[in-house]
Structures are given as C-alpha cells and as structure tokens.
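Sequence lines, in order, name chains Z and P. Each residue of the first sequence is one higher than the last, beginning at 193 in this note's numbering. Each residue of the second sequence is one higher than the last, beginning at 179 in this note's numbering.
Since the hints were made in silico from the structure, they are not lab data. Note that beta-carbon positions come from the ideal geometry of N, C-alpha and C, so glycine has one too. A few of these clues could be false.
[What the hints assert, rightly or not] With beta-carbon atoms standing in for the labels, derived distance ranges:
no.	chain 1	residue 1	chain 2	residue 2	range
1	Z	Val398	P	Arg206	32 to 38 angstroms
2	Z	Ala524	P	Gln374	57 to 63 angstroms
3	Z	Ser298	P	Arg206	47 to 53 angstroms
4	P	Tyr228	Z	Arg483	47 to 53 angstroms
5	P	Glu414	Z	Gly399	36 to 42 angstroms
6	Z	Asp492	P	Tyr228	54 to 60 angstroms
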Amino acid sequence: MVRTVFLLVMCSMVWTACKKDQPETITPPAPYVLNIPPLFKEKLIPPVIPIDNPLTEEGVTLGKRLFFEKKLSVDGTISCASCHLPRQAFSDIRAVSLGVQKKEGSRNAMPLFNLAWNYDDRFDWDGKSLGLEAQALEPVTHPLEMQNNWSVVAQSLRANPDYPPMFTAAFGTPVIDSASVTKALAQFERTLISANAPFDRYLMGVGNLTPAQQRGFELFMAEDKGDCFHCHGSENNPLWTDNAFHNNGLDSVFVDLGLGGVTGDPADNGKFRTPSLRNLTRTAPYMHDGRFQTLEAVIDHYSEGLRPSPTIDPLMKKVQQGGVRLTDQEKADLLAFLRSLTENQFGRDITPTN
Amino acid sequence: MKYIQWFRLCLFFGLAACHSEMEEEKLRLEIDFEQHWNNSPITPTTLNAYSFENAAGELLSIERLRYLISDLSLGLKDGSQVILKAYHLIDIKSAESLRLSLETYVPLADIQEVSFVFGLNRLANQDGVYPDLNAAVWNVPQALGGGYHFMQLDGKFKAQPTAEAIAYNFHAIQAVDKTAGTALVFEDTFFKVSQQISPQTADQDLTISMNLAEWFVNPHLWYLEKDNSMLMPNFEAQQRMADNGKSVFSIVVKKN
Numbered sequence: 193m194v195r196t197v198f199l200l201v202m203c204s205m206v207w208t209a210c211k212k213d214q215p216e217t218i219t220p221p222a223p224y225v226l227n228i229p230p231l232f233k234e235k236l237i238p239p240v241i242p243i244d245n246p247l248t249e250e251g252v253t254l255g256k257r258l259f260f261e262k263k264l265s266v267d268g269t270i271s272c273a274s275c276h277l278p279r280q281a282f283s284d285i286r287a288v289s290l291g292v293q294k295k296e297g298s299r300n301a302m303p304l305f306n307l308a309w310n311y312d313d314r315f316d317w318d319g320k321s322l323g324l325e326a327q328a329l330e331p332v333t334h335p336l337e338m339q340n341n342w343s344v345v346a347q348s349l350r351a352n353p354d355y356p357p358m359f360t361a362a363f364g365t366p367v368i369d370s371a372s373v374t375k376a377l378a379q380f381e382r383t384l385i386s387a388n389a390p391f392d393r394y395l396m397g398v399g400n401l402t403p404a405q406q407r408g409f410e411l412f413m414a415e416d417k418g419d420c421f422h423c424h425g426s427e428n429n430p431l432w433t434d435n436a437f438h439n440n441g442l443d444s445v446f447v448d449l450g451l452g453g454v455t456g457d458p459a460d461n462g463k464f465r466t467p468s469l470r471n472l473t474r475t476a477p478y479m480h481d482g483r484f485q486t487l488e489a490v491i492d493h494y495s496e497g498l499r500p501s502p503t504i505d506p507l508m509k510k511v512q513q514g515g516v517r518l519t520d521q522e523k524a525d526l527l528a529f530l531r532s533l534t535e536n537q538f539g540r541d542i543t544p545t546n
Numbered sequence: 179m180k181y182i183q184w185f186r187l188c189l190f191f192g193l194a195a196c197h198s199e200m201e202e203e204k205l206r207l208e209i210d211f212e213q214h215w216n217n218s219p220i221t222p223t224t225l226n227a228y229s230f231e232n233a234a235g236e237l238l239s240i241e242r243l244r245y246l247i248s249d250l251s252l253g254l255k256d257g258s259q260v261i262l263k264a265y266h267l268i269d270i271k272s273a274e275s276l277r278l279s280l281e282t283y284v285p286l287a288d289i290q291e292v293s294f295v296f297g298l299n300r301l302a303n304q305d306g307v308y309p310d311l312n313a314a315v316w317n318v319p320q321a322l323g324g325g326y327h328f329m330q331l332d333g334k335f336k337a338q339p340t341a342e343a344i345a346y347n348f349h350a351i352q353a354v355d356k357t358a359g360t361a362l363v364f365e366d367t368f369f370k371v372s373q374q375i376s377p378q379t380a381d382q383d384l385t386i387s388m389n390l391a392e393w394f395v396n397p398h399l400w401y402l403e404k405d406n407s408m409l410m411p412n413f414e415a416q417q418r419m420a421d422n423g424k425s426v427f428s429i430v431v432k433k434n
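I would like the entire structure built from these sequences, with the hints used as guidance.
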C-alpha cells in the first residue's frame, strides 16, 4: 500500500513538472503578404525583408499602432506620424521637424514609401542607419526629437493593457523592448508602397501623358539636357532613386557634412542620399534641409544654381555654367513630368484607427 | 538475407566512391576583378585624388567606376563553350562585385580558354529586361536605343595642374547615330576578350584586370578637355571608346 501511494505521489509530481515545462500554446503570427505592384515585380529584384524580421499580419498591425503612439516621446506629445504625416506621403511640411518642446531638428523628414526596395539598406539622409530597424531606434532617444529612453518607453507601453498581447501575437512573447518595438515599426514601414501615379498608369498602358509631360520625360532622360536619370532612374527603375549618395551642388561650404559625417572621409562631405521623385507635390519642402519650398525652386537650382565644391558629383557636369540651363518652356515641361509621379491617394487612408 | 545485406553495403560504398570522384572533378574558379592605371592599383582608397595622368597629359581623379561584362565562359578544346555567368556588374566600391566564386563540372583537361564580352552583345542588350541592372540604375534611355550602360567612369580632370577641375563622364554604351533622320543607326561597341589557359589543378584563381590608362590612348589619344561629358549620344566618341577598350583588359591565371 505504501509502495502504491509512493508511486502515485511520484507520478503526480512528474506530471506536474512536465506540465510546468510545457509552454503555453501561442498561435504563430500569420505571414503578411506584401502587395508588390506589377511594375516592381516586372522591373525590380525582390524587396529586402530581413530574415530575423519577416512581415506578419500581427507585426504590421502592431507597427502601425506604434507609428502613431505618442508615448514613444518623453512628454507624450509626438509620435512618428507627427513628423512623417500620412497626408504628406509621410513627410513633414516644415523644413526641419519639431521635436518635443518644439525643438527644431536639423534635417527635413524624409517621406516614407518603397523603403523595402532600398537594396543597400542604408537609411537617413546621410546613410548612418543600416536597416530600417536601426533607423527606427534613433528618433526615440534623439535630444531634438523624442528625447526619451528605451526603458521608459518599454515601461509606458507595458502599462497599456493593449500592448502586451499585441507583442505576444506579433513576436510570441510579451517582452517589450527597443528590439521588438523597432521590428514592429520596420514591418509597418515596409508595407508603405507607392506605385500608382499617373506615370505608372501610363507605363501600364492604362493612362496617357500630356504632350508637356512627354516632353518633360524626354528632357529628364537626355544626357545633354536634364540628365536626371543617372541618379533618379527611369521607367525601368520605378523607384525613381538610386538610393545612393551624391553632392548635388547645393553648397560650396558645408554646414552639414552628410555622408562625410558618417564615414569620416572628406571625399564624402556634402553627399546626401538621393530622394525618390515620387509624390513630389506632397513632400515639399525639398532637400536635406528643406531649403527649397517649391519644385520650381528645385528645377532652378539644377538649371542655374549649382555651386562648385571639391566633392560635387561629376554628374553635375555643367557646374561651371551654373547648371543645365533650361529654357522656361523646358522647365515647365520638366515640372509637368515630375508632377505625373505623384500618387494623390497614397497614405491618406492610413490613420491610427483604421 | 545476409548476402543481400552485403550487396547493399557494397553498393553504398561503391556509390559513395563514385560520388567522391565526381566531387573531385568539380572545378572551382575564383575570379577577381582588379583595376589599375599602368600598374598603379585603383581601389576605393585611391579614388577622388588627382593621382592619374593620361597620355594627353591631363591629371584626373576617379570617383565612380562601374562596368558590365557578359558571357563569362570557358572555351573547350572541342570548340564548344560553357557559360559561367551570363552577366556581371562590377562596382569598384562594392567588394562583393570584385570577386566571383563559380563552380563547373567541366573536366580540366578539356579547358582551353577563358573569355568574356565587355558590355552586352546586341541580342542581350534588350531594354529593361534585367531587374538587377534596373535596380542598379544602369539603363540607357530609349531615345538612345535603350538597353544598358557598358561602363560608367566618372571623375574630374585638370587640363593643366593649376587649371580648374572639370567633371568628366566617360560612359560607354552601344554606339547610336541619331543624325540619320528619325531612325536610329546602331554600331556594336561590345567586344570579346579571351585568354588561353591550361589549368593544372582543380582550384584556379583568375584575375580579370582593367588598365584604365588604355581607355585614353590606344589607338586614339583622348583629350578629356575636348570630350569629357555627354558622350552617350556621341556616336563617334563611342566608336573611339570601343576601339581603345580592346587593349584595356587582360586575364591572368593564378594557382591559389
């Protein structure tokens, strides 16, 4: 009898121990199917999705929620969306954005779209962030942006009962830290795809260009005229950027070193990442410091306003003449073409609640 | 039953031995791409300075160098060819692009030469068909026939040491003549480079070497002061580039 009881007790203990070791059943997140536009499928290689941060429905949902989350900032006043406004193609109408306590930053907020097709995976105007996850780390702690620290952010998010289950659903664990927050943000950002501008529809055979747009495109593609295609691509690269770094003749003396400030190589001074030409009419002001308020001013810069410096890109070949010297008609045509790269609806349906 | 087991064991070892022999026949080729100016190496660390003097006496810097080769092949003794890689874009700033590691099962004894084409032949040079080259912004405008660049060599030059620096864009494409009315007239500017080799061991290193100084001298002496930019639509300049390019490359075989 004693032996039987002993055995039963032992069995019970083993059973309990086994039960404790068994993890709670967690439903794995559902893969998110990126809606790759036909032009991108046809013309480009696949997007960059890190192996350790695949897109999932739950991750993207969480990332979107966090994108609008003001608790990321030290005083709860700003979120990512405060400077990357969805209605502005996720850019800012200010030359330089305002951080907490209305502190001015030093650079223009870059628009956010087609980020998964940045094959070199270098982000920011100066390329200092390798990967979108790394990029998302910086604004939270930057003294001129959110001015927070990650342990406070994690604590604030944990205090909101919505978040732990969302993190569990996205990553299989309720742990909230800088890694999981930035992974979710990066997942959401990779889903922001813009490829339905009038020029896209023209390329797909379901739209037409006006004569001015057609002339502007030809000028854009002519090496002896605009010569824009060497940096901004063509109909065969529908990103409209090479995502590389160039000194485009903005200054002879650099206040902001750009890539040079990251690499420490003086030959990189004054170089900044080529922005996409998509959604231009919604992303003013322009350049890394937002110095140009209008597209007309940008075109004037390349036409007559180039400034020489030792690191100016050789593709700015007419710097001695001030630029490519376009006529008023050519400027108007180029502007018409550039406007055809704007997708008016992009981003407008993305709100904190939908 | 026992005999069947022995038979299976022998079959296993026999197949394993055959597999091992096949493995030994696999030829691994490491191909390095090196660039130099009359034996002075051109690397990312030697860019941007006015370190090079062309045959016309002009000082020049190199800021960007990308070029495309295609039909990288082994020529066999029976006259046939084995293509190792259809095309490859070399970017001096991308270490990844400067070394190719390729495998082939061609018997060593059959190999006679290594060859490649600078640029793309007319059939391969179709507009927009290579997504990786599109992603690299390597296209040629359709007004010039479309297709792809063969080379982008960009930098600045000084006609005299004290002269003002001027940009140059030495871009090679298929030559196109736009002067004959509305129709474009093309002339091929791709060319084949080949080297006889006799590999002795399974592991061979090949170095494809480009002497950039040759782009500016042989057979046409090139003055950047005269021809420095907007060369893509310049039919005659593209012809001269192609002529000069034929002495630019060499292929060296090294045992590793």
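Against the structure, the hints:
no.: 1; hint: Val398(Z) <-> Arg206(P): 32 to 38 angstroms; result: violated (49 angstroms)
no.: 2; hint: Ala524(Z) <-> Gln374(P): 57 to 63 angstroms; result: holds (59 angstroms)
no.: 3; hint: Ser298(Z) <-> Arg206(P): 47 to 53 angstroms; result: holds (50 angstroms)
no.: 4; hint: Tyr228(P) <-> Arg483(Z): 47 to 53 angstroms; result: violated (31 angstroms)
no.: 5; hint: Glu414(P) <-> Gly399(Z): 36 to 42 angstroms; result: holds (39 angstroms)
no.: 6; hint: Asp492(Z) <-> Tyr228(P): 54 to 60 angstroms; result: violated (31 angstroms)
When held up to the earlier numbered hints, the structure conflicts with 1, 4 and 6 and fits the remainder.
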